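Just so you know, the protein sequences line up as chains A and B, in that order.
So the first sequence is numbered by the numbering used here: it starts at 483 and just counts up by one.
So the second sequence is numbered by the numbering used here: it starts at 3 and just counts up by one.
In case anyone wonders, no lab produced these hints; they're calculated from the structure.
Treat the hints with care, since some could be wrong.
[Unchecked claim] Stretch-level coverage of chain B by chain A, calculated; a stretch enters the list once three of its residues show a Cβ under 8 Å from a Cβ in chain A:
{"#": "1", "region": "25-33"}
{"#": "2", "region": "78-89"}
{"#": "3", "region": "99-105"}
{"#": "4", "region": "108-115"}
Treat the numbers as computed from the prediction; the structure is a model and nothing was measured.
We put the CB at the ideal spot given by N, CA and C, even for glycine.
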Amino acid sequence: MYGSTNLTEQDAKRMSDTSAEDPQKLAEFEDRIARGEKIEPDDWMPAEYRRQLIRMIEQHAHSEIVGALPEGTWITRAPNFRRKLALIAKVQDEIGHGQLLYSAAETLGKTREQMLDDLLNGRSKYSNIFNYPAKTWADIAVIGFLVDGAAIVNQVINSKGSYGPYCRALERICYEESFHLKQGHDNFVYLATGTKQQREMLQDAINRWYRPLLHFFGPPDHLSAHSEKLMKWKVKLASNDDMRNQFLDQYVPKILELGLTLPDPNLRKNADGRWEFSDPDWEEFKRVINGDGPCNKERLAVRRYAELAGRWVREALMKPNDTYKVPLA
Amino acid sequence: MKSLDPRVNRLNLSQTSEGEVHTNTHLVTWEVFHQEKRGKQAVHVGIVHASTPEMALILAKEQFARRGRTANLWVARTSDIYTFRTDDEDMFATVPEKLFREPAAYKVRERIEKFQQQNKC
Ligand SMILES: [Fe+2]
Ligand SMILES: [Fe+2]
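One chain only, chain A, in its complex shape (with noise of 0.2 Å):
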């Protein structure tokens, strides 16, 4: 869930209370999203389509940002000069996505620079994962490959979505993530296949990224607050167990047929199709969530040094007459 859909308990009643909505405009609405259109920034819409999409959207810009983070510690220390250049490209690729999924929230009223705000303070997340180290070079060779499979496995939902603007940024974040999932993989096959001590950094990355990986779409579905509502607006497209169950399906497979292994012996794939795995421990999660996780000060940390340092600069560069006007697309 790198944009999360997550309710609380407080926002699925909201959710499903539209009384206050003109009822010839929602049914108009649901049912231009039923036959498959999509719905453009200045179209009528309720007003908890637009502050579910804006909370998901900023989320999901945050986590590219954020996520920046852990890959940019190895860029000076990669083994060699290809892997760096590729690290590079990858890293400012994420902050391209992170920008353009701003640029998306933004056309639903909350500004860029409000978002960066709630990000510092606190009042928004990002994705947990992030708020884990990466300790070696094998820890890139994981979030390249599994990480973004995860990501890309989201984002390709998504994408199928009923808001305009975030499914074209996610098109062109989903074209660009190939080449995401290509390089780790290939960064992920040389360790695999080299020497004992690379195969070791390896497994043991694997083995610390696992259940982050599991934590990624989320709470179990009987464990979160639903809202058909969000289904039925595309909003959410897929639970949070069928995503994980599809990303299982896709990557197991592929750490398996070299050698490696996951750490946990009751993770297999059952007659039905589903994948079966132990408790990742929710309760962590929830913990990290709330900001007690190995890096979620550093993070923000980083980010708030970022914002006040280069603060002079932002503001030498303001034209204060300038008029502002959301954006049109």
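Keeping the supplied structure of chain A fixed, place chain B with the ligands upon it in accordance with the hints.
Below, chain B with the ligands alone, put in the same frame as chain A:
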């Protein structure tokens, strides 16, 4: 705070890590149009934030010309672009009825043949 990243350790983050942050530097947006090749039309691809057209072009290049081919980029201030409202879409609804604008609506062969039969030409 001790980081695994030596660059982060050099930043002395404790000095900037307290208090609410408010940015007051919201830049205006520019709509970006991308032309893939000479001879093709420019197509809208998204926006960038910038205070001058020159800066908007630089950012547009970074954002929208990282892959594939590009012949040129255009930027225009969002506030300089005028559009219809999307919910006025029905004003275009009668276009498909205007068959008199279509070449296929003009068929004369039958009339010519009838004329030729009648006049034995
Ligand atoms: Fe990305
Ligand atoms: Fe990526």
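(message) Going through the numbered hints above, which ones does this structure break? Give me the numbers in ascending order.
(response) 3 and 4
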